[in-house]
Structures are given as structure tokens and as C-alpha cells.
Amino acid sequence: AQTVTQSQPEMSVQEAETVTLSCTYDTSENNYYLFWYKQPPSRQMILVIRQEAYKQQNATENRFSVNFQKAAKSFSLKISDSQLGDTAMYFCAQNNAGNMLTFGGGTRLMVKP
Amino acid sequence: GAGVSQSPSNKVTEKGKDVELRCDPISGHTALYWYRQSLGQGLEFLIYFQGNSAPDKSGLPSDRFSAERTGGSVSTLTIQRTQQEDSAVYLCASSFDRVGYTFGSGTRLTVV
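From first to last, the protein sequence lines stand for chains F and V.
Position in the first sequence (from 1) plus 1152 gives the number in the numbering used here.
Position in the second sequence (from 1) plus 9 gives the number in the numbering used here.
Chain F on its own, in the form it takes in the complex (with noise of 0.2 angstroms):
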């Protein structure tokens, strides 16, 4: 079985500033997809970045980055400047080879003016 752990329930940033989100994961698979979706209040899930685990280059979308520690099953999301639109729920995700997703607790961000 896989798990996926965030350690932050909640956390805050100041506009403008930069902030790390932590994921750690567990799979006994070598071939798997990490994801990081928000989710605003509007209960969409919208996909912010995704990372395939066979690339040791980490993924960006400009202001998201990631830190994919391979070996550590670490999955860190970085925002930076942040921005009011940002304020939402994150979740961390990891397929399996049978495509199902498998989520994290999520993380509250809020984005404080």
C-alpha cells in the first residue's frame, strides 16, 4: 500500500514572500507520477504541478516548484511570490500503476496581505 503525509495542517505567508509545502510519500514502485493540486473553495481540484519519478529534474510552472528528493520520498512544493489568489487547500498525490491517485491530508495555506 502508498501513503502520502503532509506535515503542515495549516500554514501562512506574506504576500509576496515565499513559501515551502512538505509531502513525503511511500510506494514500493519505482515507475509513479507526484502531483500537487489546490483546491480554493469552489471545491475544484485544480492541478498547480506534476512530477514523473524517473526525471531527476525537478518541475516548475513559474512561480510553483518542486524539490523531488527520489531517495528520501520527499515532494516539496515551493510558491514563490505569493499571491491573495493563492490561498486555498494543497494536496499532495501519488499514482500507482494502476492509475489510482492516492492523497495527502492537504495543507491550509493562506495568503495574508
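There could be a bad hint or two in this list.
Now the in silico label distances, taken between C-beta atoms and shown as ranges [unchecked claim]:
| id | chain 1 | residue 1 | chain 2 | residue 2 | range |
| --- | --- | --- | --- | --- | --- |
| 1 | V | Q89 | F | M1262 | 34 to 44 angstroms |
| 2 | F | S1232 | V | G80 | 13 to 23 angstroms |
| 3 | F | Q1208 | V | G60 | 25 to 35 angstroms |
| 4 | V | G68 | F | M1262 | 39 to 49 angstroms |
| 5 | V | G37 | F | I1198 | 15 to 25 angstroms |
| 6 | F | F1216 | V | A11 | 38 to 48 angstroms |
| 7 | V | T22 | F | K1207 | 22 to 32 angstroms |
| 8 | V | G60 | F | E1169 | 43 to 53 angstroms |
| 9 | V | Q89 | F | P1192 | 31 to 41 angstroms |
| 10 | F | S1226 | V | E53 | 34 to 44 angstroms |
| 11 | F | T1157 | V | P70 | 36 to 46 angstroms |
Covered stretches of chain V (in silico footprint by chain F; criterion: 3 or more residues with CB under 8 angstroms from a CB of chain F, positions within the stretch not fixed) [what the hints assert, rightly or not]:
| id | stretch |
| --- | --- |
| 12 | 83-91 |
| 13 | 98-105 |
These are calculated hints, taken from the structure and not from any lab test.
We put the beta carbon where it would ideally sit given N, CA and C, even for glycine.
Keeping the supplied structure of chain F fixed, place chain V upon it in accordance with the hints.
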């Protein structure tokens, strides 16, 4: 359609009644997933359909929960004899591969 559509958006039901939640996935997506999200919590896997294969029902919490997917498209999640602990947001997602997941906006179920 352009996205995953779920209906109803909100549902209030009396304890003991049966409810049906509907998910209309993106056309062409072979995989369909149901998740449950309790207030302020993460997403709990319920059931997964992949093409014509037998569904993975390993996440269903009790035999009061069942789901079907007709014609490889629309799926219905049924909860029989609802209990207050069933109150949650039920999210559906579909995908055609291991990276392209699209989620619906969910159904908020409240059992009173």
C-alpha cells in the same frame, strides 16, 4: 463535454434514505474515480473504473455504498440507508492516462 460534470451540486437527505450521485466524465476518458472528502480532510478513495475491467471497489467503506458505470461513460454512486457520517463532499475524476486527471466540482451531501 469540456469538463467532468457532477450532479446534484448539493444534496440534503434524511437519515435512512437512499441517494444517487451522478458523474459525467470527459468523453474518451477510460478511467473514472470516486473520492470522498470529509470536512477539512483529504480525499479518501472509494472506487475506480478502468475501461471494461472489473472495478476496484477496495475503498468502499461499507456494503451500503455501490457504484456502476454504464456504457463506459456516466457513473452513479449510490448510498443506501444514509447515515450522518456519510455527510461529505463526493468528488469524481476521470482520466485517459496516468497524468491527465480532471476533477468535477463535487456533490456536497448532508445527512440530517
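Evaluation of the provided hints:
no.	hint	verdict
1	V/Q89 / F/M1262: 34 to 44 angstroms	39 angstroms, holds
2	F/S1232 / V/G80: 13 to 23 angstroms	46 angstroms, violated
3	F/Q1208 / V/G60: 25 to 35 angstroms	33 angstroms, holds
4	V/G68 / F/M1262: 39 to 49 angstroms	31 angstroms, violated
5	V/G37 / F/I1198: 15 to 25 angstroms	21 angstroms, holds
6	F/F1216 / V/A11: 38 to 48 angstroms	24 angstroms, violated
7	V/T22 / F/K1207: 22 to 32 angstroms	46 angstroms, violated
8	V/G60 / F/E1169: 43 to 53 angstroms	46 angstroms, holds
9	V/Q89 / F/P1192: 31 to 41 angstroms	32 angstroms, holds
10	F/S1226 / V/E53: 34 to 44 angstroms	23 angstroms, violated
11	F/T1157 / V/P70: 36 to 46 angstroms	21 angstroms, violated
12	83-91	violated (count 0)
13	98-105	holds (count 4)
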